[in-house]
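Novice: Residues per chain are reported as follows:
Number of protein chains: 2
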Amino acid sequence: MADAIRRLAVRGAPAIGLAAAYGLAVEALHDPSEVKHAAVLLRATRPTAVNLAWALDRALEAFALDPTAQALVDHAEALAVAQLDHDRAIGEHGAALLSPGARVLTHCNTGPLATGGAGTAGAVIASAWRAGRLAHVWVDETRPLLQGARLTAWELGRAGVPYEIVPDSAAGALMSRGLVDAVFVGADRIAANGDVANKIGTYAVAALAHRHGVPFYVAAPRSTIDPETPDGAAIPIEERLPDEITSVRGVRIAPAEANALNLAFDVTKNDLVTGIVTEAGVLRAPYCFTHR
Amino acid sequence: MADAIRRLAVRGAPAIGLAAAYGLAVEALHDPSEVKHAAVLLRATRPTAVNLAWALDRALEAFALDPTAQALVDHAEALAVAQLDHDRAIGEHGAALLSPGARVLTHCNTGPLATGGAGTAGAVIASAWRAGRLAHVWVDETRPLLQGARLTAWELGRAGVPYEIVPDSAAGALMSRGLVDAVFVGADRIAANGDVANKIGTYAVAALAHRHGVPFYVAAPRSTIDPETPDGAAIPIEERLPDEITSVRGVRIAPAEANALNLAFDVTKNDLVTGIVTEAGVLRAPYCFTHR
Numbered sequence: 001m002a003d004a005i006r007r008l009a010v011r012g013a014p015a016i017g018l019a020a021a022y023g024l025a026v027e028a029l030h031d032p033s034e035v036k037h038a039a040v041l042l043r044a045t046r047p048t049a050v051n052l053a054w055a056l057d058r059a060l061e062a063f064a065l066d067p068t069a070q071a072l073v074d075h076a077e078a079l080a081v082a083q084l085d086h087d088r089a090i091g092e093h094g095a096a097l098l099s100p101g102a103r104v105l106t107h108c109n110t111g112p113l114a115t116g117g118a119g120t121a122g123a124v125i126a127s128a129w130r131a132g133r134l135a136h137v138w139v140d141e142t143r144p145l146l147q148g149a150r151l152t153a154w155e156l157g158r159a160g161v162p163y164e165i166v167p168d169s170a171a172g173a174l175m176s177r178g179l180v181d182a183v184f185v186g187a188d189r190i191a192a193n194g195d196v197a198n199k200i201g202t203y204a205v206a207a208l209a210h211r212h213g214v215p216f217y218v219a220a221p222r223s224t225i226d227p228e229t230p231d232g233a234a235i236p237i238e239e240r241l242p243d244e245i246t247s248v249r250g251v252r253i254a255p256a257e258a259n260a261l262n263l264a265f266d267v268t269k270n271d272l273v274t275g276i277v278t279e280a281g282v283l284r285a286p287y288c289f290t291h292r
Numbered sequence: 001m002a003d004a005i006r007r008l009a010v011r012g013a014p015a016i017g018l019a020a021a022y023g024l025a026v027e028a029l030h031d032p033s034e035v036k037h038a039a040v041l042l043r044a045t046r047p048t049a050v051n052l053a054w055a056l057d058r059a060l061e062a063f064a065l066d067p068t069a070q071a072l073v074d075h076a077e078a079l080a081v082a083q084l085d086h087d088r089a090i091g092e093h094g095a096a097l098l099s100p101g102a103r104v105l106t107h108c109n110t111g112p113l114a115t116g117g118a119g120t121a122g123a124v125i126a127s128a129w130r131a132g133r134l135a136h137v138w139v140d141e142t143r144p145l146l147q148g149a150r151l152t153a154w155e156l157g158r159a160g161v162p163y164e165i166v167p168d169s170a171a172g173a174l175m176s177r178g179l180v181d182a183v184f185v186g187a188d189r190i191a192a193n194g195d196v197a198n199k200i201g202t203y204a205v206a207a208l209a210h211r212h213g214v215p216f217y218v219a220a221p222r223s224t225i226d227p228e229t230p231d232g233a234a235i236p237i238e239e240r241l242p243d244e245i246t247s248v249r250g251v252r253i254a255p256a257e258a259n260a261l262n263l264a265f266d267v268t269k270n271d272l273v274t275g276i277v278t279e280a281g282v283l284r285a286p287y288c289f290t291h292r
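Line by line, the protein sequences give chains A and B. Be aware that the first sequence starts at 1, since it is given in the numbering used here, and climbs by one per residue. Be aware that the second sequence starts at 1, since it is given in the numbering used here, and climbs by one per residue.
Among the clues, some could well be false.
Note that identical chains are pooled: a pair holds if it fits in a single copy or bridges any two copies.
No more than 20 Å apart at the CA atoms, straight line, and that leaves these computed lysine to any residue pairs for SDA-like [what the hints assert, rightly or not]:
| id | residue 1 | residue 2 |
| --- | --- | --- |
| 1 | 269 | 213 |
| 2 | 36 | 84 |
| 3 | 36 | 58 |
| 4 | 269 | 177 |
| 5 | 269 | 176 |
| 6 | 269 | 178 |
| 7 | 269 | 179 |
| 8 | 269 | 257 |
| 9 | 269 | 211 |
| 10 | 269 | 210 |
| 11 | 269 | 6 |
| 12 | 269 | 88 |
| 13 | 36 | 263 |
| 14 | 36 | 227 |
| 15 | 269 | 212 |
| 16 | 269 | 231 |
Hints in this document: simulated from the structure, not taken from any laboratory.
The shape of chain A in the complex, shown without the other chains:
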């Protein structure tokens, strides 16, 4: 499971939390004495999404109270069920923010493939579509790993939602032309002050939205909020291998000796965030999270 998370076979902040919880349960079924070691291994896979550490902490608490494999299986199952509820609530709260005919821009992948439920921003899009409030989705392709072009496009096509993929760099042109009514993205970690770490490129979209008066919403379960992280500067940003940039799907696109910098996430400061859509409702500035 650690390997699957590390190489992104499972990705999306809520989904990796859930996968880690199940991973720990599987380890406990094999050898309960290895649970703590497995938690260390799983925790080290990816640094930015706080849901991973959160799910492991909750699992270890449950295991401390009841050191049986069944306790960890029950915890993982409960987490999966709660995620379904939370995603549904996020979708409904977010869809209520849109007016009929809305054209929404999104970045990265935040649908069922990212959470195990309906998604975060993806749940908002699906819910708005069902409610007849959505006209079009602009899907940022999301370089380097193309989660938008590969995963979000697949999810939206399957759901029958009208969409077009655009290069990440096109958001400004679309907003200049008045073609974007709202932005919805997910989050990998939300700091106590409302700063948001999310897929690289999120900050550019937020800054452009601000410039054009387009509302910029972050959709995330409260497990993505980390009161222990004071602000965005304190969020560890994962740096991945350059070959994710110099090659695309196994095809080399840059000269053989080319260097690349691969920051997987960036930070959007709280003043650019119109609202944070959680399962408990839409939170607005000033953000000050002391508990989830």
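Using the hints, position chain B against chain A.
Specialist: Then chain B, alone, in the frame of chain A:
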């Protein structure tokens, strides 16, 4: 030649102007009566870069005065020589804007491969490197066609300039971290009021640079300035085929039925442009071009 320009075998605003001038000369060597028809064909290849129309207009003027193939050959040769001079001057004027240790971000390709000379923004980078003023270049990969990752990386590697490729969406994160001292880009058309059409994504970089107080310079020969185009809204923006986005170097990256919108250029308004570096020096706001 028209086909080569259309499929981007020749690209870069100054280079396509030059290629069109030579194309016309070649046509005149074959059949002088076909020159006007050839000009119509060449002019229709790409709509945004004004250097194409400019070079054809100058060639047709020369041909009207002296309707021989030699007149068109001489015109093309003169244009090529002038481009070398202009690029050199642009490089020197631009390099003077940088302080030693500068870290420059650039978008798309603007070096020798784009002009036939030293380039536009690329000439500034080369000149600054030779003058010992440049520490590092951030190369936007420039989706969808990856002119940054493919061409600019190749040019910089060949010239020994230290660089790293980044996804287009990373410019904001780099600026947030204080890693960018200046942005230099080229242009496909500059309107009379200083609005700039350039490769899609340029506007996002300009807006982020503005937000972070990073100077944003456009480097272009005066043949890229079009006094006949009042502002950015009047610049025709080329829309190319979606498969440039849904496939990368022949590998399909999006679901089979996926749609994509492929705007090749965007417009950066004049208030975001710190200066326009031409062969005649650095021009600054307010921009009001009545002649080139």
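Novice: Are the hints correct? Go through all of them and say.
Specialist: Here is how each hint holds up against the structure:
no. : hint      : in the structure
1   : 269 / 213 : both (16 Å within a copy, 17 Å between copies)
2   : 36 / 84   : neither (27 Å within a copy, 67 Å between copies)
3   : 36 / 58   : within (13 Å within a copy, 76 Å between copies)
4   : 269 / 177 : between (25 Å within a copy, 13 Å between copies)
5   : 269 / 176 : between (22 Å within a copy, 10 Å between copies)
6   : 269 / 178 : between (24 Å within a copy, 15 Å between copies)
7   : 269 / 179 : between (24 Å within a copy, 18 Å between copies)
8   : 269 / 257 : neither (35 Å within a copy, 36 Å between copies)
9   : 269 / 211 : both (14 Å within a copy, 13 Å between copies)
10  : 269 / 210 : both (11 Å within a copy, 16 Å between copies)
11  : 269 / 6   : neither (27 Å within a copy, 42 Å between copies)
12  : 269 / 88  : neither (27 Å within a copy, 41 Å between copies)
13  : 36 / 263  : neither (30 Å within a copy, 52 Å between copies)
14  : 36 / 227  : neither (24 Å within a copy, 70 Å between copies)
15  : 269 / 212 : both (17 Å within a copy, 13 Å between copies)
16  : 269 / 231 : within (9 Å within a copy, 33 Å between copies)
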